[in-house]
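Asks: Let chain B serve as the given structure and place chain E on it in line with the hints.
There are 2 protein chains.
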Amino acid sequence: MSQLRGHALIGQSGGPTAVINQSLVGLVESCVEHPDITGVYGALNGIEGIIEERLIDLGRESREELERVAMTPAAALGSVRRKPTPEACRRVLDVFKAHDIRYFFYVGGNDSAETAHLLNEAALEIGYEVRLFHVPKTIDNDLAGCDHTPGFGSAARFVAQAFMGDDQDNRSLGGVKINVIMGRHAGWLTAASRLARRHEGDGPHLIYLPEGVFDRQEFCDRVEEMLLKHGRCLVAVSEGIHDAEGKVIASGTEVDSHGNIQLSGTGALGDYLSELVKSKVSAAKRVRADTFGYLQRSFFGVISEQDALEAREVGRAAVRVATSGECQHGSLAIQRGSNDGTYEPLYVVNDLSVVAAATRHVPEEFINGTDDVSSAFVEWATPLVGALPVPGRLASHPVSPRTNATQLS
Amino acid sequence: MSQLRGHALIGQSGGPTAVINQSLVGLVESCVEHPDITGVYGALNGIEGIIEERLIDLGRESREELERVAMTPAAALGSVRRKPTPEACRRVLDVFKAHDIRYFFYVGGNDSAETAHLLNEAALEIGYEVRLFHVPKTIDNDLAGCDHTPGFGSAARFVAQAFMGDDQDNRSLGGVKINVIMGRHAGWLTAASRLARRHEGDGPHLIYLPEGVFDRQEFCDRVEEMLLKHGRCLVAVSEGIHDAEGKVIASGTEVDSHGNIQLSGTGALGDYLSELVKSKVSAAKRVRADTFGYLQRSFFGVISEQDALEAREVGRAAVRVATSGECQHGSLAIQRGSNDGTYEPLYVVNDLSVVAAATRHVPEEFINGTDDVSSAFVEWATPLVGALPVPGRLASHPVSPRTNATQLS
Chain B
1 MSQLRGHALI GQSGGPTAVI NQSLVGLVES CVEHPDITGV YGALNGIEGI IEERLIDLGR
61 ESREELERVA MTPAAALGSV RRKPTPEACR RVLDVFKAHD IRYFFYVGGN DSAETAHLLN
121 EAALEIGYEV RLFHVPKTID NDLAGCDHTP GFGSAARFVA QAFMGDDQDN RSLGGVKINV
181 IMGRHAGWLT AASRLARRHE GDGPHLIYLP EGVFDRQEFC DRVEEMLLKH GRCLVAVSEG
241 IHDAEGKVIA SGTEVDSHGN IQLSGTGALG DYLSELVKSK VSAAKRVRAD TFGYLQRSFF
301 GVISEQDALE AREVGRAAVR VATSGECQHG SLAIQRGSND GTYEPLYVVN DLSVVAAATR
361 HVPEEFINGT DDVSSAFVEW ATPLVGALPV PGRLASHPVS PRTNATQLS
Chain E
1 MSQLRGHALI GQSGGPTAVI NQSLVGLVES CVEHPDITGV YGALNGIEGI IEERLIDLGR
61 ESREELERVA MTPAAALGSV RRKPTPEACR RVLDVFKAHD IRYFFYVGGN DSAETAHLLN
121 EAALEIGYEV RLFHVPKTID NDLAGCDHTP GFGSAARFVA QAFMGDDQDN RSLGGVKINV
181 IMGRHAGWLT AASRLARRHE GDGPHLIYLP EGVFDRQEFC DRVEEMLLKH GRCLVAVSEG
241 IHDAEGKVIA SGTEVDSHGN IQLSGTGALG DYLSELVKSK VSAAKRVRAD TFGYLQRSFF
301 GVISEQDALE AREVGRAAVR VATSGECQHG SLAIQRGSND GTYEPLYVVN DLSVVAAATR
361 HVPEEFINGT DDVSSAFVEW ATPLVGALPV PGRLASHPVS PRTNATQLS
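Those sequence lines, one after another, are chains B and E. Residues 1 to 409 (the numbering used here) are what the first sequence spells out, left to right. Residues 1 to 409 (the numbering used here) are what the second sequence spells out, left to right.
Bound conformation, chain B alone (with noise of 0.2 Å):
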């Protein structure tokens, strides 16, 4: 295979990770050991920062403060939302041939795998050899080609956490709680709300994914039937909920480079159907809604163990197939080993246009009607997210009356 000398360049992209940084520090870790791998440069806030040639040293940094980075959420670099024009991914290529860049690094979601794949057909197109890999990284685990997504698991535990807490909560003061999760166009972290229910009666009582459609009456329906049935509702819907005509159900008007609408950073559909439960649901008095917000993706101190490491292990992988030449570009995903139905990742490496721009949907066998998520879903996402707390209830041994009750006013 052949051999390539020279630097190596990493960017970090999209919206940002518990994990994201592991997997910068592993890219970085390897880099650095690696004798083809001449230096190790870091673009500040990804493509943009490389435009503008606004590079750092990332072989100087000391291993006790990467080890601190790897630790902390959200991108270390700087991020970016910026799809390339063709004259932007011949300066990048200008900016690559000026510094020796001879490996480059994109950790970011599939709109990162896009940009990747313009500057390949770029670079291509003039002769110059670099060797492109996108790193997966999005708590939406959307990504095709892949069994999961780093950054996943820790936001699922997120929403897990915050499910089980305010299940209790819930549970304390009744009615009627909505809780809006992130995910425009896939259910999983929505999902992963179904991880908080243990016991019988626990909730979420109803769960919205946007591969399904949202009817607004059934909805309704649906929140009466548990008030009746538990004396209250706990409601996971996912940002991304949509009509039958495939209308958002309440959104933001922002649209960026890559024709993403805004739905976070918002409490509008919280809001929404808040008040839609207030007026139709005769049975509901007491009605909230939270939107969990870019809590999700960046909260200090919840990580799953498991999503750290392996966030890490497919930086570290990343350099592997880049210097070992079995393939030029790719992006970088993780499978699923089915070693005696213990969980085992497999780092694999897929085509770039796999990933470009595709979105894997939640499958079939993971959704449970049109408000539930099935228990292969809650198998499936275990290794992933890790051992949950494990909530006290009372026995509640009842006390005797000894009065006749009274009515009061």
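By construction, these hints were calculated from the structure, which means they are not laboratory data. Everything numeric in this text was worked out from a predicted model, so none of it was measured. All C-beta atoms in this analysis are idealised placements derived from N, C-alpha and C, irrespective of residue type, glycine included. Each hint should be verified, as a subset may be incorrect.
As the list claims (entries may be wrong) - Partner residues are not named here, just some residues of chain E that face chain B (Cβ under 10 Å, in silico):
1. 12
2. 20
3. 58
4. 98
5. 157
6. 158
7. 165
8. 170
9. 274
10. 293
11. 398
As the list claims (entries may be wrong) - Chain B is faced by these chain E residues, among others (derived, beta-carbon under 7 Å):
12. 55
13. 61
14. 79
15. 168
16. 299
17. 396
Replies: Showing chain E alone in chain B's frame:
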């Protein structure tokens, strides 16, 4: 001191906290051990459960499950928001008599102290001997006559960790991020966001408490100033911020029986401020808002160890005080000992009337101008919240440019 033999009854009231069940378990274990206490019951949903005679026998709960309950957020007995009428008070006393309840412990905020106060007046009127004690809890930290309240430390820890992560998130993608924090009348919890600021340039860059007046134009000017200075702006605002006339900036419409307006469980304020910045601050290109909501008070897995310990101990102290007969009624409170500068909690008793329906605001020495919190607050809050994780930051040694940077469209 007079001895009083009979059953003890425990209730929980108001908004949940992450450690309110520690107080419950502290009460139960001390009641079970005390020779004057012949049994220990729990009222389901506080005062409502007494009126409806929905009582459970807490003495029959297993030690093991009680320990799990202590670690579980929100009110294990169920909570309530209800101010008893004179008729309801008489009914409560009938139930007390029927079950020989001679000790009543009500775990809650100032509304709960008010309820205990009303019950005490009613008991005196009919000459029924019962020892009535309010056991404090509130994430808002706004009870009169104390240094701080159980529940605050854990909620403050959640807010601090959330801001630590969100500061990294805001640093990654830039723009303006506004986070709305609970606390309708007092800014203690909003002030806790300040604990996230470790290094020069860290957010939150602006902190707005309900103790001050919120001026819309001044807010926009300061956001613009921070954008120019830091290239981004992270803002903490209390849900209770109000204008010079005392009118809240945004609110829902519900009012409970204690006269409190609903501010939580809606994204209205965050969305309003977000639109305000978008329309008035030309430099603000990306503006997002999150409302932390109920996660602050009942997240499963983020607690302050000191807070958990004190919540347990305040329950035990309530039983010690009640059974000693040194006072017939009162409200437990935590004061701060001043032994050689190290932190030490002291458990004291206040008059119920001191605590009932009073609000303790953030004092002037903890406030820094119109949009910041002082370092004295940080010193005060740190022992209550505990050690926070330390974020890593790249040294970012710049690489010298080798091209002529070009402007791209």
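Asks: Does the structure break any of the earlier hints, and which numbers would those be?
Replies: none
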